[in-house]
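The numbering of the sequence shown is full-length UniProt numbering, which starts it at 1 and goes up by one.
Any given hint could be a false lead.
List time: in silico EDC-like cross-link candidates among lysine to aspartate or glutamate, alpha-carbon distance up to 20 Å [unchecked claim]:
id, residue 1, residue 2
1, K27, E115
2, K240, D256
3, K335, E70
4, K215, E280
5, K174, D256
The hints are simulated quantities; they were obtained by calculation from the structure and are not laboratory data.
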Amino acid sequence: MTSTYSAAGVDIDAGDLAVQLMKEHLKKARRPEVVGDIGGFAGLFDVSALKKFNRPLLATSTDGVGTKTEIARQLGKYDTIGEDLVAMVVDDLVVCGAEPLFMTDYIAVGKVFPERIAEIVSGIARGCAKAGTALVGGETAEHPGLLAEDEFDIAGAATGAVDYENLLGAEKVKAGDVIIAMPASGIHANGFSLVRHILKTKNLNLNNTPQNFAKTLGEVLLTPTEIYSLDCLALINGLKKDLHAFTHITGGGIADNTARVIPAGLKAVYDRSTWALPLEMLYLAQIGGVPEDDMERTWNCGIGMAAILAPESADLAIRSLAARGMKAWVAGVIKTELTGNSAGTGSAALEATYQPR
1 MTSTYSAAGV DIDAGDLAVQ LMKEHLKKAR RPEVVGDIGG FAGLFDVSAL
51 KKFNRPLLAT STDGVGTKTE IARQLGKYDT IGEDLVAMVV DDLVVCGAEP
101 LFMTDYIAVG KVFPERIAEI VSGIARGCAK AGTALVGGET AEHPGLLAED
151 EFDIAGAATG AVDYENLLGA EKVKAGDVII AMPASGIHAN GFSLVRHILK
201 TKNLNLNNTP QNFAKTLGEV LLTPTEIYSL DCLALINGLK KDLHAFTHIT
251 GGGIADNTAR VIPAGLKAVY DRSTWALPLE MLYLAQIGGV PEDDMERTWN
301 CGIGMAAILA PESADLAIRS LAARGMKAWV AGVIKTELTG NSAGTGSAAL
351 EATYQPR
């Protein structure tokens, strides 16, 4: 009996077709610093522009989109999770003040379906264009026997650059600083295990349109994650030293992610009354019986990114973001915390009650 790669479940021809189908999309995700075309053994990026920095630092981030891929699989729509992937990696970079420069992706599949791969990559390319980031390479790995034919997962890694003297973070946050919130576009790409648990236990149909929804439940859940990197870079350039930190609201929710950029002795306090819970989160929490504290440690609850800055620059920040089409508002303040915590860091909390819808 002859043993071949195809008999083992790997289809080289399908992989080659997937590459051909994605090439047109990749043209959207370039920067002038990219050297050569995708398809080589490594992606090349000219970093000579970093000479302008006094002490250039490279920043790197790796992430995925979790089990949101299962919602995409059930609905047969794959491009939006590509945008999710870009958002998850580049917006972690910009938190420290870094400009995202380039990224790579990794797609693991049980079986290569060329059109599906191309659709995912089209979303990645679209997301890179929104973020001003280059897609310089990627890998599609076929794993027969490890993944079922219809199963897949995606991940990505991005690299950015920042001058050491312009690093943002807890060291710059002060008592009296204000928190400027930027709204989430939806659940984004965290907490989908809870979403899927509610869908299953409550027998919810993704193709149904719940009351007060403008789209089907599935369409709402697949709304791509907002990409904030260019908005954040605009704030960095506009506010200069008055901008102290960003926090990307991902897994762990608002309080846990904000506490990561708060120094010991300080506490970030959000005022829930300044915004309303997104409709889909309110719907899922009510129908699934999700306690508020659990919801707030699982979903973003309506805030995708927050900037911490000097109070005298709050109006300028909000106006600058509005001019870019990004709504923003003062959602909280940094206070002195009289009692420390065992971690030796600052803390964060949410107070008051969400606005009614």
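Quick rundown of the hints versus the structure:
A C-alpha spacing of about 18 Å is found between K27 and E115, which places the hinted pair at or below 20 Å, so the restraint holds. In summary, the hint linking K240 to D256 is not supported, as the alpha carbons are separated by about 26 Å, beyond the 20 Å threshold. Of the pairs offered as hints, the one joining K335 and E70 is violated, with about 41 Å between alpha carbons and a cut-off of 20 Å exceeded. A threshold of 20 Å between alpha carbons decides the hint, and for K215 with E280 the separation of about 11 Å falls inside it, so the pair holds.
This hinted pair checks out: K174 and D256 have alpha carbons roughly 18 Å apart, not beyond 20 Å.
Hint compliance for this structure: hints 2 and 3 are broken, all remaining hints hold.
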